[in-house]
Every structure is written in C-alpha cells, then in structure tokens.
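Peer 1: Make the full structure from the sequences, and use the hints.
Protein chains: 2
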Amino acid sequence: MSVVVVGSIALDSVETPWGKRENALGGSATYFSLACSRFSKTRIVGIAGTDFPEKGLDLFRRHNIDTEGLKIVEGKTFRWGGRYKSNLNKRDTIYTELNVFEKFQPQLPRSYRQQPMLFLGNIHPELQLDVLSQMERKPLVGLDTMNLWIDISREKVIEALQKVDIVIMNEDEIRQLTVTSNVYEAARRLIKLGPSTLVVKRGEYGAFLCHHNEMFSVPAFPVSRVIDPTGAGDAFAGGFFGFLGKFSNPRAADYRRAMVYGTILASFLVESFSTDTIDSIIDEEIENRAKELIKIITL
Amino acid sequence: MSVVVVGSIALDSVETPWGKRENALGGSATYFSLACSRFSKTRIVGIAGTDFPEKGLDLFRRHNIDTEGLKIVEGKTFRWGGRYKSNLNKRDTIYTELNVFEKFQPQLPRSYRQQPMLFLGNIHPELQLDVLSQMERKPLVGLDTMNLWIDISREKVIEALQKVDIVIMNEDEIRQLTVTSNVYEAARRLIKLGPSTLVVKRGEYGAFLCHHNEMFSVPAFPVSRVIDPTGAGDAFAGGFFGFLGKFSNPRAADYRRAMVYGTILASFLVESFSTDTIDSIIDEEIENRAKELIKIITL
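Those protein sequence lines, which keep their order, are chains A and B. One point on numbering: in my numbering, the residue at position 60 of the first sequence is 60, and numbering is uninterrupted. One point on numbering: in my numbering, the residue at position 21 of the second sequence is 21, and numbering is uninterrupted.
One thing to keep in mind: the hints can contain errors.
Given that identical chains are not distinguished, each listed pair holds provided it fits within a single copy or across any two copies.
[What the hints assert, rightly or not] Restricting the straight-line Cα-Cα distance to at most 30 Å, the calculated cross-link-like pairs of lysine-lysine (DSSO-like) are:
{"id": "1", "residue 1": "K138", "residue 2": "K163"}
{"id": "2", "residue 1": "K295", "residue 2": "K246"}
{"id": "3", "residue 1": "K85", "residue 2": "K192"}
Hints listed in this document are in silico derivations from the structure and should not be mistaken for laboratory results. Keep in mind that this is a model prediction, so the values were computed, not measured.
Peer 2: Below you can see the structure in the form of structure tokens.
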C-alpha cells in the first residue's frame, strides 16, 4: 500500500562528539520518507524555501518518493542547529528558525487523497487533523507528536490521537501526556484514548508495541558507534509504517516484524550524519541486520 | 547443581512514593539466595549481628537455604537507609552503617568447598578473590561488583573478572570500568578481559547477555506498579544463576532461558518492599510470567 507522509523538511546543523555537519538535509518527513520508501511507495507533503538544495530533491527522486506535495515557496527552509553531549542521549538546541515552516498549511494534492495509508508526522495537532480531513476515504493512519504540542495544545493532541489507528511516540512523551511515570501504565492509559496500536520508542533501549492488547518488545540494534542520533525516531517510524504497507491487510505478526524493520532503519540512520547511510544502504544490508536482530531476541 | 553465594546481609530502611519500611531484611546475598533457591539448592555466606531477627533466619530455612556459612557475631547488622525519587530510577542514600560487615572475612564451611557453582556477590574484590581461592575444585563462577570498587580498587576488580566465567553488572558499571560510553562497545571490551559470559543489567529496560559471542536481549517484565526496586539486580542475578544450576552442563539455550527467569524474579521483587513477594510467590506464578514474557519477545 502506498504511504502519504506529512511533516517537516529541514536543513540541520548538528555537532556530536564525532564531528559536525552544516545545513544537511533533515526534518521528520525527510527521515520518515527515506525509511518508508524502502518498503512502500511514499508520497511526501511538506514545505521548503527557495534555498532548498537540488540534491535534496535528487535524493527523494532517487528513492522514488513522490514530491508533488512538497511545496517550494519564497523564503528560507526551516533550520535547526543542535549539539549532542558526550553520551549522545542529550542535546542542546542552538537555534530554531522556523522560516517558511511557520506558515505551513499542508494541502494534499488530488492524487494523494485516496491513498490507503497516511502518516501524520510531528506538526501541530490542528494541522494533523486538517490533513486527515482532506483524505477522501478512510486510510490506515499513523501519528507522531512531541512534547511541545503536549505542552501548548494537549486537548488537540488528544483529539488527534482519538482519530488515528497507530500512535508512535517516545516514552517521555507518553508519560507527559498521561501524567503517569510508569511507562506500561502510561501505555495502557494512552490506548484507552482510542488507537488500536501504540508504539513506544525508547531510544537506545529499543521500542515496544501494544497491538490489540498484545505486547511485543524489541531492543535497539547494537551499533558500536552512534555518530548522530538526529532523526532516529522518524526513521524508525518510517521503517515500521512502510513495512506495514507491504501488506494489504497487515496482521499481528506483520506488526511485530515491522518493529524489527523500524529498528533496523533507525540503526543505519544513527551511523552517519544526516541521511548518508539511509540513502546508501542496499536491501541486503537491511535483511542481514534484521536476521541478526531476530537472533538476538530468539530463545 | 548447588550454588554457594557470598554477599551482604542487611537491615534496610527504604522510602518510596508508595510508602516506607523500617529495618527490613535486605542485602545482596539475601535477595540473590531467595531468587536462586527457587531453582537450585543454595548455600549462603554472610555476616550479621546479634540484632539479626529470628524471622530472617526463618525465611532462609523456609526456602531450604543452607545457613551454615552465615555467621552471627557480636554487634549490629549492616544497615542501609535510602529514599527513592518519584520515578524510582534514582535514590538518595540517607545512611550507611557497615557495622559487623566492615570486618567481614568470609570463610567457607568445609561442606561448601566442593560445590559446583559459586556466586561472588557485591563485596570488595580482594574478598571475592579470597573466597574463590577457598574452593577445592574449580566451580562455575559468577561475579557482581559495584561503582565503589571500580572507583577505589579498579585493578583488583579486573583481576577478579579475569578469574570468573560469568560477569553480571549494570550498564553504568561496565561503562565506568571500560571507560566507554557505548554500552555494546563496553561489553565487547569487558569480554576481552576474560569472562566467557557477560550479563548487562539495564534496570527498567531489561538486560542483555553476551555468551560466547552470541547476544540475547530481554526486556523487563512490564509491571504496572514498582513499589521498591531495592535488590532487583540481585534477584535477577539469583534467578539467572539458580536457573543455570538446573543443568549439569548448561548450554547456550539454557543461558537464554536463564535471562527470562532472572527477569521474572526481579519483576516480583520490585512489586513489594523487602522480600515480601519473592518469599510468597508460588512456582506457578513464576511459570505464568515466564510464558507471558516469552510471548512479548516472540515474533
């Protein structure tokens, strides 16, 4: 099934203990769509400025990502600068320039509106709800969000959650949203709000899935050097959602295998700055890591 | 196979968001032996003062734990007081009174010296080495340690590591010992020091095993209320090591299943103060949770 994704397109400047990269391609929709397109036809919805580099568009084309929904408008692309601490678990934001992203009003091209899968990346929940209303038949819908929206627009986040099938969030966010410190208790409460499926991302500790009251847990793939974790959660979500798209009616076992593939895409992503690895890996490398990860969880 | 364990015996006063308990039975050897005795005959080596309550000895007897190596001497038992923060991941030590534990010079009773399995709980590495030298034939040896000994006696910790088969440590300790922030890289370096098996405990995130270059990862069992995490790592180690004792020559698959049982014993332990749950659960409850956990990691 083909996937429509809406989210941010950014130019990031990132510094980690392993080096730095200036104005490299980033943003949630970018990472998501590159991971997703490994498994399913992907259509992107986003906004960028006239400074957006041609090589960014090339990258999307190379991965057969439909960019009809990517609007280039007068002005500068969303820019973010950050610096990671030595253990790579914490980062400081140096600057955030929303630029053209500030006025982002996503409009789905006509050709996107009947697609069977929609992923609402991390944008304001009002915009997520608006995009959802543009779809002309009910797709399988996934959603991500962030602490900022929970802080300033909690009710709208909850309204959006109630209208989707799959929620993918990190553990601190579900704790914050449900005001519950125990993560499993937080997951139970979140599921009561409506979604049939919840994926809780736990960074270097992996992720767990709650799907129709069944749990599945997967560790992170053990990479020996994390170069830049920016976008790992988006690559996970893209790998997970894209893998589900391989099935016209994904079953419980497909959801579990999707957790493995999300994990593998995230593991490649963190091994380079920006999109370098995720752009260049071949399918066989993905399959080899998936096999290795499955061995790690097999009794 | 029967297991000899040496470690601390304590009376702990613990406060968590769920309440407090004064002078309750604790200490690494206590938690370890209660978990271990579920699967294998267990013999304890430790020291306590004349204030040690009769119900503590009753508890060991009820679980068929051999207390010939538990010395009661004039003075007070080791006491520790601590308070956990709201998310239960951090604690403050309120007081530490070593008392009779300060002069602990473990002596193995004659009947212990030919036993096939030995666990060197968290005591000074010099004492661990001394206990090991008292064994009259080479047992399967496990070892735990802590940040304090790595700080003040790093060379001795490494010497001890090199003489054992199984090292069980938490992730911050292996990072500290190997001076490596990436936990998988730290694990690789630790294994190069000698032990064929390493278990890395990660608290609420579970644990992973490296056994002859094969990895296995297991999540924590999802309990919805952690009452008191004190001793969870010791209960894990006891469940793990005790389960191995069921086999005269444990194989790779037994090590993996031992990870599951260590996880389950730790999950029961955290659901009450002190040893309450781990004392009272029945074998069927352990088996049921083990089955549930296996479902959580089965594709």
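Peer 1: Run every hint past the structure and note whether it holds.
Peer 2: Results for each hint:
Taking identical chains as interchangeable, the C-alpha atoms of K138 and K163 lie at most 30 Å apart only when both belong to the same chain, with a minimum of 10 Å there against 63 Å between chains. Taking CA atoms no more than 30 Å apart as the test, K295 paired with K246 passes in both settings, with 23 Å inside one copy and 24 Å between copies. For the homomeric pair K85 and K192, the shortest alpha-carbon distance between copies (28 Å) is at most 30 Å, but the shortest distance inside one copy (36 Å) is not.
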